[in-house]
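First residue of the first sequence? That's 1 in the working numbering, and the numbers climb one at a time after it.
Honestly, I wouldn't trust all of these hints.
[Said to hold, decoys possible] Per label pair, the in silico range of CB-to-CB distance:
{"hint": "1", "residue 1": "43", "residue 2": "199", "range": "43 to 51 Å"}
{"hint": "2", "residue 1": "219", "residue 2": "266", "range": "23 to 31 Å"}
{"hint": "3", "residue 1": "29", "residue 2": "135", "range": "29 to 37 Å"}
{"hint": "4", "residue 1": "50", "residue 2": "249", "range": "53 to 61 Å"}
{"hint": "5", "residue 1": "88", "residue 2": "240", "range": "53 to 61 Å"}
{"hint": "6", "residue 1": "25", "residue 2": "117", "range": "21 to 29 Å"}
{"hint": "7", "residue 1": "12", "residue 2": "115", "range": "18 to 26 Å"}
{"hint": "8", "residue 1": "146", "residue 2": "40", "range": "39 to 47 Å"}
{"hint": "9", "residue 1": "25", "residue 2": "142", "range": "29 to 37 Å"}
{"hint": "10", "residue 1": "30", "residue 2": "256", "range": "45 to 53 Å"}
Hints are computed from structural coordinates only; laboratory data are not their basis. For glycine and all other residues, C-beta sits at the position ideal for the given N, C-alpha and C.
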Amino acid sequence: MPELPEVEVIRAGLAPVVSGRTLTRVRVLHPRPVRYHPAGPQGFAAELAGRTLTEPRRRGKYLWIPFEDGDALLVHLGMSGQFRVDMPDAPLRPNTRVLFDFDDDSRQLRFIDQRMFGGMQLSAGGAELPPQISHIALDPFAPDFDPETVARRLRAKRSTIKRSLLDQTLVSGIGNIYADETLWRCRLHYEQRNASLSQRRAVEVLSTAREVMTASLAQGGTSFDALYVDVDGAAGYFSRNLAVYGRQDQPCDRCGTPIVREPFMNRSSYRCPGCQHRPRRSLVAQ
DNA sequence: TCGTAGACCCGCTGCA
DNA sequence: GATGGGCGGGTCTACG
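All chains should be modelled from the sequences, with the hints used to inform the complete structure.
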C-alpha cells in the first residue's frame, strides 16, 4: 500500500527516533515478517541486539536502517506494514509483529502489519545499499535519476505505459495510485504502447510522476484508512487531491466525464474516458 | 530448433 | 461478497 511518498514520510519520521540509538532487545511476535531472514525469527532477534542504528535511507518503496557496523536492517512495508513509536508499556495494537527496545528504555519501535506482505531482514554489508535491492532502479527523487536515460529504456520496452511505470527495475517508487494519477495528468491511457511515445513525451511522463509524488509528500502522503499512517499515527491528506484513483463515477476535474474503474493486472485502473482515450488498435497490437 | 531475455500473471495473507 | 496501496517467482513468449 505505501508508495514512495508514504515510505518517505515514514523514513523521515523514523530518523529522529532511531538515529544513534542502540537496540537492546528485539522480539518477533509472528515469524512471517522475517521470513527472508535465513536464521529465522530467533536468529533475527539475536543478531540485531546490541547494534547501533543510524539515519534511515530509502530507494523506491524499500527502506533500510544502516547500523554503525556497516550492516543494515532492510524493510519493505508491503501492502499494510507500518512503524509506530509507543511507550513500552502501552497496549499492543492489533497485528503488531515485531518489537524493538532501545538502551535508553524510553520509546519502543513497533512493526505492525495486517496482511504481512511486507518483511524485514538483516542485510550484511547493506548500510550503503543492501545487495538484496540492487535490482531496484533509482526512484525519481534520487539525485542521480536521469529522466532522459530512463525514458529511452522505457521506450525500448515492448510493453505498455502503466506496466512500465509499475516496473520497479525501470523506475522505482511508483505504485497503482501514482501511476493512475500520472497517466491522468498526461492524458494517457494505461494500455498506450511505450514505443508509441516520443522521447519528449516519455520524459514528460516521468517528470509528471515526480510532480505527483512531490505534491503528495507535501501533504504527508495518501491515506484512505488506518492502514497508512506515519510513526506517530497521523494520516496523510493527499487523497483529497487525487484526480482519478478511487473516484469511480465521479466527474473528471478537467472535462466532467465520469471516472471509470477497469480491471488491470489483477487490480484496478482508474481513468477518465473523456481525456484518456484507449489507443487505436494499431498501437495496442504489435 | 534452441537458448535466453523479457514480459506477464499468480499467489501469498488477512481484515476492514 | 468484493475489494485493496505490494512483490517474487514460475511460466509463457518472442527473438536472434
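We went through each hint and held it up to the structure:
1. 43 to 199: 43 to 51 Å: Roughly 49 Å apart at Cβ, these two residues keep to the hinted range, so it holds.
2. 219 to 266: 23 to 31 Å: 28 Å, holds
3. 29 to 135: 29 to 37 Å: 30 Å, holds
4. 50 to 249: 53 to 61 Å: 55 Å, holds
5. 88 to 240: 53 to 61 Å: 35 Å, violated
6. 25 to 117: 21 to 29 Å: Holds, since residue 25 and residue 117 (Cβ atoms, about 26 Å apart) stay within the stated range.
7. 12 to 115: 18 to 26 Å: At roughly 24 Å between Cβ atoms, residue 115 and residue 12 fall inside 18 to 26 Å, so the hint holds.
8. 146 to 40: 39 to 47 Å: 41 Å, holds
9. 25 to 142: 29 to 37 Å: 35 Å, holds
10. 30 to 256: 45 to 53 Å: 48 Å, holds
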